[in-house]
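*Asks:* One-letter residues, chain by chain:
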Amino acid sequence: MTTTTLAVLVPVLPFLGAAAGLAVGRTAPGFVRPLAVLPTLAAAVLAVLVAVRQGGNTVIEASTQLTPTGSVPITLGLHIDGFAALVAVLVGVVASCVQIYSTGYLREDPRYASYAALVSLFTAAMLLVVYSGDLMVLLVGWEIMGICSYFLVGHYWETPEARSASLKAFLVTKLGDVPFLFGLFALATDAGTFRIDGILSTVASGGLDHPTLVALLLLAGVAGKSAQFPLHTWLPDAMAGPTPVSALIHAATMVAAGIYFVARLLPVFAASAAAMTVLAVMAAITMVGSALAALAQDDIKRVLAYSTIGQLGYMAGALAVGDRGAAVFHLLSHAAFKALLFLAAGAVIHAAGTNSLTAMSRTGGLAKRIPDAYWTMTVALLALAAIPPFAGFFSKEAVLVAAEHTALGERTGIPAGAGWTVLVAGLLTALLTAAYALRLWLRAFRGRGPQAPDHGRQPIAMTSVLWVLAIPSLGFGLGAAYLDDWFDGEALTPTLTTAVLGTGLAVAGGAVTYAVWRTLAARAVPAVTPPHVAHPDAEAGLVEAEALHLPHPAEDPADPGRALLGPLHGPAADGFRLDALYAKAFVRPVLGAASLVRFLDREVVDTYVRGAAGTAKGLGWLVRRAQTGNVQTYLSALLAGSVVLAIAAVALANAFAGA
Amino acid sequence: MHLAYPAVLAALLFCVGLYGVLARRNAILVLMSVELMLNAVNLNLVAFDVWLRDALHAGQALTLFTIAIAAAEIGIGLAIVLMVYRNRGTSDVDRLRDTAEPAESGATPESTDEKAEAAA
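Protein chains in written order, with our numbering: chain F, 1 to 659; chain P, 1001 to 1120.
These aren't lab readings, by the way, just hints derived from the structure by calculation. Please note that the accuracy of each hint is not assured.
Stated by the list, open to error - According to the in silico footprint, chain F covers these stretches of chain P (three or more CB under 8 Å from chain F):
1. 1016-1022
2. 1090-1097
What the hints assert, rightly or not - Cross-link-like lysine to any residue pairs, in silico, SDA-like; alpha carbons within 20 Å at most:
3. K368(F) / V424(F)
4. K617(F) / A1058(P)
5. K368(F) / R448(F)
6. K617(F) / A1100(P)
7. K174(F) / K617(F)
Virtual Cβ for every residue (Gly too), placed ideally from N, Cα, C.
The shape of chain F in the complex, shown without the other chains (with noise of 0.2 Å):
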């Protein structure tokens, strides 16, 4: 086969699969399982077969038009350069893992597959939105995935929290895509066309009438879909949904889309400095204000999912100083680190029975229970903090690198204060992240209590997987000098000042974390029990999904997170009071003018609809009153009124005769 043939089942094999899930999902639940792994591992497969024969420096451009679309036509179109074929690696390698570890999570799930069938389709956007040439195909993919993350956070649409966080997440994401069009549109106007690469090549020659304008929307959608401040909020509370789908959600799909798409059309948004500095400015907010609030969060997957929105920052500062090598080597190191995480989080909560760090901080002996998701998530939460030679260390130094690069003025067309901005801030979220990652840490797996209950040992499903992602995490880093020559070719190493710098900074955040997690440790922590499920030998996803209900112990003093922040504390644990201050300034004028309208229809509309009823209504009282019964009466009145007419008529016709 040819590798456009190849490149082209990559997502066309998933979304198959995913029809073919759906479709006999309830007929042959014994095909659902096969359905929904064998296509997406097949989906990896190929996906690394294209990247083979890719080979890093060749861009294979292949599309084809069905229908003639007007002015601008709309071409179903592949463009594959190095960083379409890693990503697309990355996706059907991480959406493989979730399918797999999902077998086991899910096991007893009711609708698991529809579920299954929705991961597919999701991977299959995503694979859409990777290969894609055009950025209307691309369009499309991208709004699939808007619609699967609904589905897919809404899973236990039972509970309140879950229906209220698929629409937020769903909503919020919107509210970036209508600007996103506009910005495709203009995009489009400007260029002539849809294609990637007639784009690029318009941007190269300087044939981009408004590159701000454009930047601005498109970055606008970017924001919601990669959650970057300040439509950051849907990210933490789509914990709603099943452990496997944040997995997804946060390493390879949907979040990544967006870093991914700015990647590819780097030029177009490097064509206007106010849009790198806007872009520099947001990612510099993101980073530092997820970092703190990852420090406060209580929930285990909040703070993971917090340390994503950090993560996306660094990954947009990448871009924002004009580096989209360093941007996807962090993405795809992020990709594999934050997917464990999440994977092995599912565990931990499946074994501890309650998703709540306090409540863990009270339960010994968690790390003997669950060896497999203890070690693997060690080197995750190292490869997060960044601490060498894990992968995290070396795709934040290249941001870093980037970062500082362009701070000093060697790289042109960038504003250098866009690098001191994503500089400074990214030293100082190396420091943050070191800190949460080591309170997390600590918190789950050094708790003191009684002993966690034994539920022996998990499906090979499910730990099997975390070993898989933890060699990406723990060696992939050391790639760094190969990935070069598939990106732009720009050195990824690390060098020796960001690279104490970096260290540095995290060592000191950890060592500090860890002196006061053993001062508090060491005062007596007050004997509250602290709320677990009520089965917690159920399988995985229920445990998980009763776990959603549990109410989080008060203010634990002995939190490391509490002391570090201290005042601070209250509103990062609130996640800035952002989501308060979104309900004040849109949601309350929303609800107002709703009212608003509802007067409107209920008071003055359907007043006049009354009047016309109760017109009609008494002038048929009225006639209703002449109907004596008395047939006589009727023809009295018909001759008084023929009477009157034969009078009128001869009157008029004499008047008008006289006339």
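Take the given structure of chain F and dock chain P to it, following the hints.
*Replies:* Chain P alone, transformed into the frame defined by chain F:
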């Protein structure tokens, strides 16, 4: 003969018929009054036909139609009156008020049915 005589006679006949239709209480007399009115019209038709010397005698022809229709009408009318009398024991037009609007508004169809039965 002057046209005025048959015309005045027809007008008188019509008025008598009209009075009967509007004022008599017995249904049979009402029907008879209707016949008077019809015949007044017939008289007019014949008289004007003669006065106009119509070659086709359209007035006389129409009169024959009217007589035939009036015969059919009185046949059906008398049959109805007979049935009403057999059912109700009266052919008094004043008492045949089943189609009247009930005094209180919002009367249900059942109550009108009951009323019809009571009247029967």
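*Asks:* Would you check the hint for K617(F) and A1100(P), treating anything up to 20 Å between C-alpha atoms as holding?
*Replies:* Holds, at roughly 18 Å.
*Asks:* Holds or violated: are the alpha carbons of K368(F) and V424(F) at most 20 Å from each other?
*Replies:* violated, 39 Å
*Asks:* Please work out if K368(F) and R448(F) have their alpha carbons no farther apart than 20 Å.
*Replies:* holds, 13 Å
*Asks:* Are 3 or more residues of the region 1090-1097 of chain P near chain F, judged by a Cβ distance of less than 8 Å?
*Replies:* holds (count 4)
*Asks:* Mind checking, does the region 1016-1022 of chain P have 3 or more residues with a CB under 8 Å from chain F?
*Replies:* holds (count 3)
*Asks:* Given the hint that K174(F) pairs with K617(F), does the C-alpha gap stay at or below 20 Å?
*Replies:* violated, 48 Å
*Asks:* So if I understand the rule, the pair passes when the alpha-carbon distance is 20 Å or less; does K617(F) with A1058(P) pass?
*Replies:* violated, 49 Å
In this structure, the hints that do not hold are numbers 3, 4, 7, in rising order.
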